[in-house]
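Enquirer: Next come the chains, spelled out residue by residue.
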Amino acid sequence: MMDTFAALAHGMAVAVQPMNLLYALIGVFLGTAVGVLPGIGPALTVALLLPVTYKLDPGGSLIMFAGIYYGGMYGGSTTAILINTPGESASMATALEGNKMAKAGRGGPALATSAIGSFVAGTIATIGLAFLAPWLVDVAVRFGPEDYFALMCVAFVTVSATFGDSPVRGLTSLFIGLTLGLIGIDKLTGQARLAFGVPELLDGVEVTTLAVGLFAVGEALYVASRRHHTEEKLEPVRGSLWMTREDWKRSWKPWLRGTMFGFPIGALPAGGAEIPTFLSYSTEKRLTKHPEEFGKGAIEGVAGPEAANNASAAGTLVPLLTLGLPTSATAAMMLAGFQQYGLNPGPLLFAERPDLVWGLIASLFIANMMLLVLNLPLVGLWVRLLAIPQPWLYAGILVFATMGTIAAKPSVVELSMLAGFGVLGFLMRRFDFPIAPVVVGLILGPIAESQLRRALAISLGDPLTLLQSPISATLLGIALIALVAPFVLKGLGRFKANED
Amino acid sequence: MFRFPARLVGAAVAFTLAAAANPGFAQQLELKLMAPAAPGGGWDQTARSMQQALVASGVARSVQVTNVPGAGGSVGIAQFVNGAKGDGNQMMVNGFVMVGALAMNKSPVTLEQVTPIARLTEEIQVIVVPANSPIKNAQDLAAAVKADIAKVTFAGGSAGGVDHVMAALFAGAVGADAKKINYIPFSGGGESLAAILGGKVTAGISGLSEYEGQIKSGKLRAIGVTSEKRIAGSDIPTFKEQGIDLVIANWRSVVAPPGITPEQRKTLSDAVEKMVKSDAWKEILKQKGWEDAYLSGDAFAEFLKKETARVTDVLKSVGLVKS
Amino acid sequence: MTSGDFVQPPRRVDRAGLVIAGLLAGLAVVLVWDARGLQSAAMYGMGPEAMPVVVASGLALLAIGNFIDALRGNLPARESADPVPVALILVGLTLLIAIIGLGGGFILATAALFVTTSAAFGRRAILIDAIIALVMSTLIYLAFDRLLTLSLPAGPLERLL
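Residue numbers (my numbering), protein chains in the order written: chain Z, 605 to 1104; chain S, 14 to 336; chain H, 61 to 221.
So that you can see chain Z by itself, here it is in the shape it has in the complex (with noise of 0.2 Å):
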């Protein structure tokens, strides 16, 4: 336990030598500004910024990525508040409330609880990578199939939450995101699915094709039918630019118990990002003191989700830095990264290059800290992008919005997609079914059939494999209890009623 203090005393001394500060703060900025592009995730921020890096030393090149990873991660999270465009699938969660917040001229506040609980979380998983690595990656590696399976299913009891007033829509709109899931090639077989010949589609639907088109694209289109009936004003500031004591208040447990859930899942191999902002999501809704507030814009509803998202970026480094197991697209960036040096990260790079390890950690608290000092000052200057006319501001965001595509995928078929689920968008909003379920059907659907599947592989067909897995079992008793509570709950208190 000294030892480990002693190594981060270290590695923090070496990641507050000024130049590497500067490089944070220019890889902070980078990822920021490269990040807010809707289709471009921290993955390919880094993946393009990769070449910046090549002059650096080894410990400045690694700070500079950890600065680009997380303001790739904020930057998305920016977009998803001020203009409904998640610029990844992990912020999407964010997107519910937080641009109800900004429209109702809370955009400041969304923006800085936002930021300072990506601090809180980051901070508190990095100090979680520092200490807990080695004992939480034995776990880690112990999830099977089965176990990734199982906390599916509690995923998919939970979003419920996002559904709406009617059980029907949303799982209607669930059911359309899980036929979106079908398309293209199965994982297992090598089958094409719902491509009917054409090969664009043979790769599947890509989630941010999906969110963007539902969300930026739908929103427009619905906004400008409407306008003849309200114009709606934008104020970008009502009340205060600011946290109020109040938002304090509400912000600190979302922030809490969103870290509770990003660091260990963005920690299991297969965990990901968009499990643990949606667990987030769902808590918040039942634990909120304010739940009229959710759906027209409630704090926590940013707070927590924002907090998931950056923890389990820290959680993905657990396996990366232990095994050498890139579990996250930038992750497998941040190892091209380390190769670039002729470094393997893995069981040996704890053991053989003690210096660069500690460094890595301290410069993640260092770019979050980073982050805080870059964007809480630009928060104000963020949210005046909400006064620009309404012409301009959503012929922007089109623009916006087609370029993160255009920019990673162009071609016909992929941008066709995106204007094709903007209409599906604008039609939903219209007839008034949930978008958030679509998107959540289209990433969850997969993971649960191909682990399923790989779990019943490995047990030769056998179903029983779900129960003889003790995480897996544990995960399911909790999935049925989230299922039947309510009703149970319900049944319980129209008895007492009956009874008074």
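There may be inaccurate statements among the hints.
[Claimed, not checked] Here are the simulated DSBU-like cross-link-like pairs (lysine-lysine), alpha carbons at most 30 Å apart as the crow flies:
(1) S:Lys329 with S:Lys318
(2) S:Lys329 with Z:Lys791
(3) Z:Lys791 with S:Lys295
Calculated from the structure, these hints are not laboratory results.
Given the coordinates of chain Z, work out where chains S and H should sit on it, guided by the hints.
Expert: Positioned in the frame of chain Z, the structure of chains S and H alone reads:
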């Protein structure tokens, strides 16, 4: 809103570009290089490394890399064959995975249509088991496969990729029915490594470099590599040494469009040869840990043809491609 | 969008709801039809056709659910929608796709989308908007293509730069 981030991105990147640009003479060659994959992947890295080496060594004046991702390169090659026909200034990076992907996706375009230029790199494959596995060597694994093939689970990359083909070849080489292998594809090396370390599967298949750290640290046991001869300085035996005829490598190559003149083909071949011999390219290979596997001209064309036939056969035998 | 553009009184058979139910049922049929072409060859456990069938069953049930809701008129009231701006934006998106598909390049394509969207939101100063759009997309193009070497589609304008 756009101007302000752009300016600073610009400032930062401009200085690196200035540093990277190599003065000195460059020929008139202006190349377009397609990576039929998204930025960041193996083919993209190969393309961008070529770009770097071609320009740095003065072989080409400029090289533009375009990414056309989709379906293991099926989308890219279709665009390449149709759009670049007869253009002597374009090339495309490809590799082993494309062979299987084209067959499985019933692509109307095949590798026979492109003009082969050269194979550039390859990666040796390895089979690993968890450290506490009762399987000690390739013969143990062969015995297990022969005893009950369904119970021996292999974890590896995507269906029809090099790992999958290798699992089928292994089963075939030890006299088991390749059609019955229990191969479990994972998305990405990370996830399958976790399944191997966690003891969820019997064995794992991957490129050697990906698991090198785990093998060195003793968490995984390598029971064989797929090279022809033992890798210098390595104590991992080849399958051939252990009496199993299994030689395969995950190669990457570069091809030109159909319908180019023999002169154009020679210009491109010469350019690639100069690049391969340049210090810049050697430096990149070292940095990325890629194995040099330069093979050009008719020898490469022959190799490509043989490899296509072999992979298609295997994929038919495991039922991924309908015969 | 088959229903009229007026506010519907509640408790009436909702035609749009019926169409939605029909579409869902149709989607279920497509899924099953597509899954029939799959072979569950050489795999242990569950084949690739299982999940489509499960999803299709769910869609079929939801089609029934939506059908009942529509018959009862249980749908939330809708406000009228103005089709003109929606059509304008869709024209813009189509232009964007067409220009990129035909090799017109990034700058022209995004500029076209910008101008049509801006017009959809009521601006009539098309010339000024066009200039703004061209300047903006040129700057974006330069930033990404030149500095980050991310290849954006190039057309005649891009080649001039």
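Enquirer: Output the indices of the hints that this structure fails to meet, ascending.
Expert: 3
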